[in-house]
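> The lines below spell out each chain.
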Amino acid sequence: MPLVLELIGLIFYIVIIIIVLIIVFYRCDAEQRKVLVSFVFLLSLIVLNTFIDIPIIQFLLFFLMILDLLYIIYVQILPYFYTQRDRLLFVEVANELWEELKVNETIVQEEDKK
Amino acid sequence: MVSLIILASLMPSFILLIGAILILFMNDRINRKLLSSFIILLAFIMNTMLLGFYIGYGLIEREFYLNLTSGTFIISEIILLLGLIVNLFSKEEIVNIVNENLFDGIILIILLGMIGTTISSNLLVIVSWFILVIVLIGIIFYFGDYPKEFRLLKNYFLGVGISIILLFSASYLIYLEFGTLILTEIKLLEMSGINNVIISLLLLFGIGIPCGLFPFSIYHLKNYYHDSSYTNLFLFSIFSYVNIFVLIRVLNIFTFNLIFNGLFLMVISGIGLIISLIYVLTELFTSLDGDTFSIKKLFGFSISADFNMFLLFASFLVFLGPLEMTNSYMNILIFYLLMVISIKALIFYTFFPIMRETHDDNLKLLGQFQEKYKSFGNILLIAALILSLPLSILSFIAFPSIFSTEGIIEMSLYSLLSFLIIVLYIIYLSITLIFISITRVQIYFSDKPRYIERESVKNISANHYLPIIIIFIIIGLLNIMFLLGNNIFYLIFKSFLIIID
Chain H
1 MPLVLELIGL IFYIVIIIIV LIIVFYRCDA EQRKVLVSFV FLLSLIVLNT FIDIPIIQFL
61 LFFLMILDLL YIIYVQILPY FYTQRDRLLF VEVANELWEE LKVNETIVQE EDKK
Chain Y
1 MVSLIILASL MPSFILLIGA ILILFMNDRI NRKLLSSFII LLAFIMNTML LGFYIGYGLI
61 EREFYLNLTS GTFIISEIIL LLGLIVNLFS KEEIVNIVNE NLFDGIILII LLGMIGTTIS
121 SNLLVIVSWF ILVIVLIGII FYFGDYPKEF RLLKNYFLGV GISIILLFSA SYLIYLEFGT
181 LILTEIKLLE MSGINNVIIS LLLLFGIGIP CGLFPFSIYH LKNYYHDSSY TNLFLFSIFS
241 YVNIFVLIRV LNIFTFNLIF NGLFLMVISG IGLIISLIYV LTELFTSLDG DTFSIKKLFG
301 FSISADFNMF LLFASFLVFL GPLEMTNSYM NILIFYLLMV ISIKALIFYT FFPIMRETHD
361 DNLKLLGQFQ EKYKSFGNIL LIAALILSLP LSILSFIAFP SIFSTEGIIE MSLYSLLSFL
421 IIVLYIIYLS ITLIFISITR VQIYFSDKPR YIERESVKNI SANHYLPIII IFIIIGLLNI
481 MFLLGNNIFY LIFKSFLIII D
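If you're matching them up, the sequences are chains H and Y in order.
Using the numbering used here, you'd call the opening residue of the first sequence number 1 and step up by one each time.
Using the numbering used here, you'd call the opening residue of the second sequence number 1 and step up by one each time.
Because the hints were derived from the structure by calculation, they are not lab data.
Misleading hints may appear alongside valid ones.
As the list claims (entries may be wrong) - 25 Å max Cα-Cα, derived DMTMM-like pairs, lysine to aspartate or glutamate:
1) Y:K154 x H:D68
2) Y:K222 x Y:E93
3) Y:K296 x Y:D227
4) Y:K222 x Y:E149
5) Y:K296 x Y:D145
6) Y:K148 x H:E92
7) H:K34 x Y:E100
8) Y:K148 x H:E31
9) H:K102 x H:E92
10) Y:K33 x Y:E77
11) Y:K154 x Y:E100
12) Y:K148 x H:E96
13) H:K34 x Y:E149
14) Y:K148 x Y:D360
15) H:K34 x Y:D145
16) Y:K91 x Y:D227
17) Y:K374 x Y:E93
18) Y:K148 x Y:E283
19) Y:K222 x Y:D145
20) Y:K33 x H:E31
21) H:K34 x H:D68
22) Y:K91 x Y:E357
23) Y:K296 x Y:D360
24) H:K114 x H:E99
25) Y:K33 x Y:D145
26) Y:K33 x Y:D360
27) H:K34 x Y:D28
28) Y:K33 x H:D29
29) Y:K154 x Y:E283
30) Y:K296 x Y:E149
31) Y:K296 x Y:E357
32) Y:K148 x H:D68
Claimed, not checked - Computed footprint of chain H on chain Y; a stretch qualifies when at least three of its residues, placed anywhere within it, have a C-beta under 8 Å from a C-beta of chain H:
33) 15 to 21
34) 113 to 123
35) 168 to 181
All C-beta atoms in this analysis are idealised placements derived from N, C-alpha and C, irrespective of residue type, glycine included.
Chain H extracted, bound-state conformation (with noise of 0.2 Å):
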């Protein structure tokens, strides 16, 4: 009795995720879509997990689940943090900074030498 009712559970989860699916390929770019559905496919192998009781699928759809982790790292966390590009790019404007004082230091010291 209680699995049936853990089906049950199951297919409500199925057909969430397919109206969700509906919706995001319908209202979402591409962008967005990546992001959705890899979090979508991400949740289904863990509730899949949950229910699924023989041990070598389990481990596989682990190992699935964490190729889509770093899917996510990847396609997430990138846009989110300076590149070394970025990082170089200030130390130049840093550098030029530093010399235009030094620059101007040594005029002032000029001056007060005069």
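On the provided structure of chain H, position chain Y as indicated by the hints.
The following block gives chain Y in isolation, referenced to the frame of chain H:
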């Protein structure tokens, strides 16, 4: 009726899932935040009803695919209630950032993941939810007013990677040994001592490292505490506390039936506790430039200290022989953990006016708060007093009564260790008191702000006092339950923590 309740048990999780997806499509900020609060509140109400049923119908317990026990629902209550406070913080703090709706959705998914770690009974599923939550907590660190460099959380993600490998190895070893991954089906008697030690250590480090267990300790969390927003920090603290329950649950099967495991856990968590206390102390008296004292770092270190302290207390379960003693010790431990969670939430909530005024992380900026937000200052003091006086008096009465049983006093090693742990505990309490008194003095009694004069002060409305009142009611209820109920916390959490009589 019972079957319906079992089906309904998944409803809070479904509500959170549907809510997270709905929020991703909403672009209007105010409505989205409102919807987010509404969803968490709905899940909370649903969960409360379920908890009522589970306790009212004589503690229905079932563990097959799902771990549906009253303990699970109490932990879900904590997660959802604190989730409401997280939402309040994010409403004020996370404003006008890129992909804000994704941030809101991820917060709900993190709450769902935390509930998932408690509601699953399959080890691999627990591990999956756990990994999802730690990675998402790392990801939302990068959402904010300004872009952050990836290298800030390099060590954090290194810790996460190590944790994933350890947890996977543990699951695989358990599968090889027993052919099943469902926690209650694991037959302890068939396991050899060496395997028990290896699996225990893998699980311990796998789940403990992301929250500040010894070898990594605070090393990988320093940047997280320093640069994250208040919202992230509070979310991480909820995760740490929930993790203590999960860890004790998982370790209860393997660790606490071998004395070696208990001793190892004791040493590791003791060192972790000492290191985090040293960090708290040094952070209290050092500043970046003479004026900047970080609140977030202090709070974060204190959470790592809590995590280690509870593991230290849990390691005693190895030594407690007679069943009644284990039961009452478990009762005290759970009560203490629930109380500390509520009080830490109260302390964190007193930072709310500071966060609202300025998103900066500095105690000294907040000189004029004495006039504006005196009540918040007083609440901070009361929280400190509860943490250091009644709670410690209760535990001083309760702990020695367990430790002074005849069978245990004969073990000299045990007596020495318990003495050391009580000393550590007293040091912990005194440092907590110093931490809170200095925080209070810095925030509420220092002079005018040193270098920023703020013109507009946002007023605190009556609604903002609601969480404080609720937390006080919870603290009162917990105390009454502990004093009047006979081992009530033990009875509620018995099947959650898989205690076999």
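> Determine which of the earlier numbered hints do not hold for this structure and return their numbers in increasing order.
none
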